[in-house]
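Student: Please model the complete structure; the sequences and the hints are all you need to start from.
If you read the protein sequences in the order shown, they are chains A and B. So the first sequence is numbered by the working numbering: it starts at 24 and just counts up by one. So the second sequence is numbered by the working numbering: it starts at 1234 and just counts up by one.
Derived by calculation from the structure, the hints in this document are not laboratory data. Where hints are given, some of them may not hold.
Quick list of in silico lysine to aspartate or glutamate cross-link-like pairs, DMTMM-like style, CA-CA up to 25 Å [what the hints assert, rightly or not]:
1. A:Lys70 / B:Glu1382
2. B:Lys1411 / A:Glu47
3. B:Lys1404 / A:Glu69
4. A:Lys54 / B:Glu1300
5. B:Lys1260 / A:Glu65
6. A:Lys54 / B:Glu1251
7. B:Lys1264 / A:Asp125
8. B:Lys1264 / B:Asp1278
9. A:Lys46 / B:Asp1277
10. B:Lys1293 / A:Glu58
11. B:Lys1405 / A:Glu47
12. B:Lys1264 / A:Glu65
13. B:Lys1264 / B:Glu1382
14. B:Lys1405 / A:Glu41
15. B:Lys1264 / A:Glu47
16. B:Lys1405 / B:Glu1365
17. A:Lys70 / B:Glu1239
18. B:Lys1260 / A:Asp53
19. A:Lys46 / B:Glu1365
20. B:Lys1396 / B:Glu1251
21. A:Lys54 / B:Glu1351
22. B:Lys1264 / B:Glu1314
23. B:Lys1396 / A:Asp53
24. B:Lys1289 / B:Glu1251
25. B:Lys1355 / A:Glu47
26. B:Lys1361 / A:Glu65
27. A:Lys54 / B:Glu1377
28. A:Lys46 / B:Glu1239
29. A:Lys54 / B:Glu1239
30. B:Lys1264 / A:Glu69
31. B:Lys1366 / A:Glu65
32. A:Lys70 / B:Glu1314
33. B:Lys1404 / A:Glu41
34. B:Lys1411 / A:Glu41
Just a sample of chain B residues kept apart from chain A, beta carbon distances all over 12 Å, derived [stated by the list, open to error]:
35. Gln1245
36. Asn1274
37. Phe1297
38. Lys1298
39. Glu1302
40. Thr1305
Quick caveat, the model's predicted, so the values are computed rather than measured. Think of the CB as a built atom: it goes at the ideal place given N, C-alpha and C, for glycine as much as any other residue.
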Amino acid sequence: MEQKKIDTALENDQLMVEQLFSKEALANYDKSASEVPASYFEAFPEKLQQRIANNKPKVFFLTPLGKMAIAAIFLFVVSSTFIFLNNSVSKKSAMVSISMQDISNDEIEAYVDANEWMADIDWSSEAFKPDTEVEQFYKDSID
Amino acid sequence: MQSDQELILQFQQSIQREQNFTQLVKKHQAKVYHQIKRMVNDHDDADDIAQMVWIKIWNKLDGFKMESEFSTWLFRIAYNETLNFIAKQKRQGSNTSSTDILDYENTASHTDAPKSSEIQIKLDQGIKQLPEKQQFVFMLRYFEELNYEKIASITGTTIGGAKANYHQAIKKLEEFVKKS
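Tutor: Right, here's the structure in full:
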């Protein structure tokens, strides 16, 4: 039933178009569109297969030696990166873990003795600054 | 002769892919080529677009789920490729409308068909002045004799939209004939 409807609609459409233009003109129009060079369709599938083959992405197959070399380089890069990162992390953590409790009193005293003259220089430089209020300075140092 | 479905299934199962694909090409190449040629009027352009269409089919055929007919899917790709080509040509500013008519007259005079009459030139000019989508719908309907349902799935519109496109095309052709 539906197919009949479609067929009738199609016939009506065709008639409408053929009323506008002659059937002959329409046929000739289509004939000119269907003009193809000789044996074009016979050669087309082969031409197409060639173009598809040319468009395919190239895959490189490595020799076993090449594969091993690439694997060795990869392992070397990964392992050396790991060792380098691991070393720098352990050094940093060693630095952080030193606390005052780990340093003996003798070491601290020796450090203070050695750097006493530095403290003197700091004090005198502050005291003889032209704009420094000496009283305030003494107050601060007493506090 | 094997059906489209059988050929596609074998292609998807990697059984003689090239041979099955070639069978599909042989079955449908003429219809696709003619539909493209009607739109672009030049053999080299039509050949180039047709090749692009079939390369797309080759690349996407593994994923084709056969929910629609193969020919509908094929025409849909041809439709998109042709419209893309025309749009690209327009962007590049090439105007071939006047040469198209000359080409048409030349090809008509070289064929066995009667010499191009005034009405044939009018028809050609009338079709050329239609928007590309309406041209495509008109040709699918008149020359390929496809129903509106198929035309709608090819052009990605509703059945009503396809009908409207076709009738607008006819009206414009009628106006063009009356004016000229």
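Student: For each hint, tell me whether it holds in the structure or not.
Tutor: Hints, verified against the model:
For the hint linking A:Lys70 to B:Glu1382, the alpha-carbon distance of about 33 Å lies beyond 25 Å, and the restraint is violated. With a C-alpha separation of about 19 Å, the suggested pair B:Lys1411 and A:Glu47 falls inside the 25 Å cut-off, and the hint holds. Using a Cα cut-off of 25 Å, the hinted pair B:Lys1404 and A:Glu69 is violated, with the two alpha carbons roughly 43 Å apart. Proposed proximity of A:Lys54 and B:Glu1300 is contradicted: the alpha carbons are some 33 Å apart, above 25 Å.
A threshold of 25 Å between alpha carbons decides the hint, and for B:Lys1260 with A:Glu65 the separation of about 12 Å falls inside it, so the pair holds. The straight-line distance between the Cα atoms of A:Lys54 and B:Glu1251 is roughly 31 Å, outside the 25 Å bound, and the hint therefore fails. Simply put, B:Lys1264 and A:Asp125 have alpha-carbon atoms about 91 Å apart, too far for the 25 Å limit, and the pair is violated. Distance check on the hinted pair: B:Lys1264 and B:Asp1278 sit about 16 Å apart at the alpha-carbon level, within 25 Å; holds.
Distance check on the hinted pair: A:Lys46 and B:Asp1277 sit about 28 Å apart at the alpha-carbon level, beyond 25 Å; violated. With a CA separation close to 30 Å, the supplied pair B:Lys1293 and A:Glu58 exceeds the 25 Å bound. Of the supplied pair hints, the one linking B:Lys1405 and A:Glu47 holds, its CA atoms being roughly 20 Å apart against a limit of 25 Å. Taken as a hint, the B:Lys1264 and A:Glu65 pair is honoured in the structure, with Cα atoms around 14 Å apart against an allowance of 25 Å.
Proximity of B:Lys1264 to B:Glu1382 is assessed by CA-CA distance (about 18 Å); at most 25 Å being required, the pair is judged to hold. Pair hint B:Lys1405 plus A:Glu41 holds up; C-alpha atoms about 15 Å apart against a cutoff of 25 Å. In summary, the hint linking B:Lys1264 to A:Glu47 is supported, as the alpha carbons are separated by about 21 Å, within the 25 Å threshold. Simply put, B:Lys1405 and B:Glu1365 have alpha-carbon atoms about 13 Å apart, close enough for the 25 Å limit, and the pair holds.
About 24 Å separates the Cα atoms of A:Lys70 and B:Glu1239, which keeps this hinted pair within 25 Å; it holds. Taken as a hint, the B:Lys1260 and A:Asp53 pair is honoured in the structure, with Cα atoms around 20 Å apart against an allowance of 25 Å. A hinted pair counts as satisfied when its Cα atoms are at most 25 Å apart, and A:Lys46 with B:Glu1365 qualifies at roughly 23 Å. A C-alpha spacing of about 38 Å is found between B:Lys1396 and B:Glu1251, which places the hinted pair above 25 Å, so the restraint is violated.
A C-alpha spacing of about 16 Å is found between A:Lys54 and B:Glu1351, which places the hinted pair at or below 25 Å, so the restraint holds. About 15 Å separates the Cα atoms of B:Lys1264 and B:Glu1314, which keeps this hinted pair within 25 Å; it holds. The straight-line distance between the Cα atoms of B:Lys1396 and A:Asp53 is roughly 22 Å, inside the 25 Å bound, and the hint therefore holds. Of the pairs offered as hints, the one joining B:Lys1289 and B:Glu1251 holds, with about 15 Å between alpha carbons and a cut-off of 25 Å not exceeded.
In summary, the hint linking B:Lys1355 to A:Glu47 is supported, as the alpha carbons are separated by about 13 Å, within the 25 Å threshold. Restraint check for B:Lys1361 and A:Glu65: not satisfied, since their Cα atoms lie roughly 30 Å apart, outside the 25 Å limit. For the proposed pair A:Lys54 and B:Glu1377, the alpha carbon gap of about 13 Å is at most 25 Å, so the pair holds. This hinted pair does not check out: A:Lys46 and B:Glu1239 have alpha carbons roughly 38 Å apart, beyond 25 Å.
Note on A:Lys54 and B:Glu1239: the hinted pairing is violated, with a Cα-Cα distance of about 32 Å set against a maximum of 25 Å. Distance hint between B:Lys1264 and A:Glu69 is fulfilled; the C-alpha atoms sit about 18 Å from each other, no more than 25 Å. At most 25 Å may separate the alpha-carbon atoms for a hinted pair to count; B:Lys1366 and A:Glu65 exceed this at roughly 30 Å. For a cut-off of 25 Å, the pair hint linking A:Lys70 to B:Glu1314 stands: about 19 Å separates their Cα positions.
Taking the CA atoms of B:Lys1404 and A:Glu41, the gap is about 13 Å. The hint holds against a cut of 25 Å. Using a Cα cut-off of 25 Å, the hinted pair B:Lys1411 and A:Glu41 holds, with the two alpha carbons roughly 15 Å apart. Residue placement check: B:Gln1245 keeps its beta carbon more than 12 Å from all beta carbons of chain A (closest about 16 Å). The Cβ of B:Asn1274 does not lie farther than 12 Å from every Cβ of chain A; its closest approach is about 8 Å, which violates its non-interface assignment.
No beta-carbon of chain A comes within 12 Å of the beta-carbon of B:Phe1297; the shortest separation is about 16 Å. No Cβ of chain A approaches the Cβ of B:Lys1298 within 12 Å, the least distance being about 22 Å, so the stated non-interface status holds. For B:Glu1302, the requirement that its beta carbon stay farther than 12 Å from each beta carbon of chain A is met, with the minimum near 15 Å. At the 12 Å boundary, the C-beta of B:Thr1305 stays outside the reach of chain A, the nearest C-beta of that chain being 15 Å off.
Hint check: violations occur at hints 1, 3, 4, 6, 7, 9, 10, 20, 26, 28, 29, 31, 36; the rest are consistent with the structure.
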